[in-house]
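Asks: From first to last, the protein sequence lines are chains Z and R.
Taking full-length UniProt numbering, the leading residue of the first sequence gets 1, the next gets one more, and so forth.
Taking full-length UniProt numbering, the leading residue of the second sequence gets 1, the next gets one more, and so forth.
Think of the hints as simulated: they come from the structure by calculation, not from any bench.
Be aware that one or more of the hints could be misleading.
[Claimed, not checked] Some chain Z residues near chain R, calculated using beta-carbon distances under 8 Å:
hint : residue
1    : SER31
2    : ILE33
3    : ASN38
4    : PRO69
5    : TYR71
6    : GLU107
7    : ARG110
8    : HIS137
9    : PHE138
Fair warning: this is a prediction, and the values are worked out from it, not measured in the lab.
All C-beta atoms in this analysis are idealised placements derived from N, C-alpha and C, irrespective of residue type, glycine included.
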Amino acid sequence: MEYFKRTLNTDCENILGRFQATASVRFEVFSAIWREINFSSIFYGPMEPNKCRVFTRLVLSVAAPYLLPPYAFQIRVGGLYLLYGLYSSQLTTPKEKVRLALKDWDELMRFQQDAVDAQHYDVVFILRKLLHERAFHFTAMPNPVKRRQVERQGQQLCETFIDRPSRAQELISTDMLEELANVHEHYENLKRVISAQTDQPILSLVKQNLVPKLRGAVLTYYNWQRNQTVTFFPPQSSRRAQLLALIKSKSYGQAVEHCASLIFKNKFNV
Amino acid sequence: MAEGGGVSTVSENVPSYEHIDVNSTPFHIGTFRNLWLGMLHPETYSYSQTSPETEDLRFISDMGIAPETLAELKSVCSTDSLRSHPEHEPPDTEAVPPEPQLATLKLRKRRQDYKKSLIRDSMGRHDVYANEMELLAIGRRPEDSKDLIPEGELILSFNVVYPVLFERFKHVRAYQTLHVLGSQKLTELRDAICCVSDLQVFGEFSNTPDTAPQFLSKDHYKSAFFFFEGTFFNDLRFSECRDISKTTREWAKTHDFPDFKTARMEDTTFYDLKVKVGYPYLYCHQGDCEHVIILTDVRLMHRDDCLDRKFYPLLTHKHRVATRKCCVCHLYISRWITTNDALAPVDPCLYCDQCFRMFHYDDHGNKLGDFKAYVYIDPGAFN
């Protein structure tokens, strides 16, 4: 059965990739893709009853990791829909269950809370429906583990699906900060000119020290993220991403100091 | 955080991989169960179903949405939206559809076409048996409500590997899979493990073949132990049981090993164990018949599982071996082995019970000729 693993991975990545391309988390978008590929047909074909059950178990175990980190929220939503589709279209009776490990339960609940907060009702509805239908086995490990003589290759993570931890730092780059500082200064000056004309101090509408505040927020977020990463992820999982984030934050720290001095200078010039 | 000081002891019992896909970190099974039960709403593992109306009302109140929104959600998220075929024309699920898009289906089609090219196109007997064995237990409810397993019980799956006694076992890792309940005692697992060495009969019985069944090994040598995480669990239920792990422990003491603990198998339930999932442990009986046992899975009871306590430990997989047949009839499995037998074509020679008696004894049960007869237990006796 293990020989189906690679093709199953390809299929899952294919459907999730198409779902990602739509930049949506709606179920109707997903179900349209599902119908188009006719994903339910993955269970079709002649197979002995017990092999069929083993195959179904394998399909669910390949799809289950997409529901969990380090994948981005949208992919996790897609993973949930995928599991829902696979669970409900399987041909075995009684239905094979999705395995859920104890360590992943917290992540799933956090995911549900995120969906509630963002009012993605279809996500919450489907997750609750699966729980209500007892579609999960609550287990110790994600997969049953047995000693094998055959060397098994670890499942490759699909890079484009992974939630990039350095996204905030990427957005607030050095150039962008400088640009922002200049625009902000320009804006303040304009405001000053206007308020000088109308005699009313409306400068209070402008956020003071916008750039340092922004920098502080990003740094706090980065530190929080780093603590999270240390506690929740095995160190090797996203080493490259962490390294990138670290490099970025270093260069970023210098840039911000630079910007701060720029503002300081500007203040004196005024 | 609210749980504050308890974090370290809690996370210790949340199993994670020690080696990826190989084995987990050690954890206490009872605490692990309590962690799951503490996190889940009792309804999520209950056997009974809450009515859909209650569930709907709860969803409406939890999300703060209008009933119309829920109705819309239901229609959008229904499984009908995943169907690619018209409602009244179910597709043929027994065949891979022509020109499949999915990579898996392409592979399945290739295998299907290959299978069709084979001369023999029947289901393997082993697959039929395996399926029957699984179906026996699935969804079984007890007749007597006393035997119903309480909700939130744990199921542990053990793979018991046969010892390498035979040449042909060297390349195949033959094993049987047993499901036990967390509240069961280790001795219940020990009694459920079937191994031919328990059935061996020592001695020569050519003069009195009828008395042979009184000398089964398992009635004479009752000692056995499990070895889990540095502890020997000895079976000391009967007065004639001895602590057979003593030799090992004493040897270990003289060779600078850490100290091993001992406990009694009959006083220990699986909830009391602290083990690693996927890690090889040992079951030893009959003095030196050693089975590697691996805990492959621990999970909460599901309502589709066998809920009858009487069926546990439940056998779900068994490796089947070819049996040796009687040299006379070539039909029945051998029960006797003879040596120094003038009547036999080979030495030693195997017979089934009936052929052995017809061939070697007269109508009054008197021994004919000079030979030695021993009881033969076929490794396939449990098939």
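Asks: Looking at the structure, which of the earlier hints fail to hold?
Replies: Failing hints, ascending: 2, 4, 5, 6, 7.
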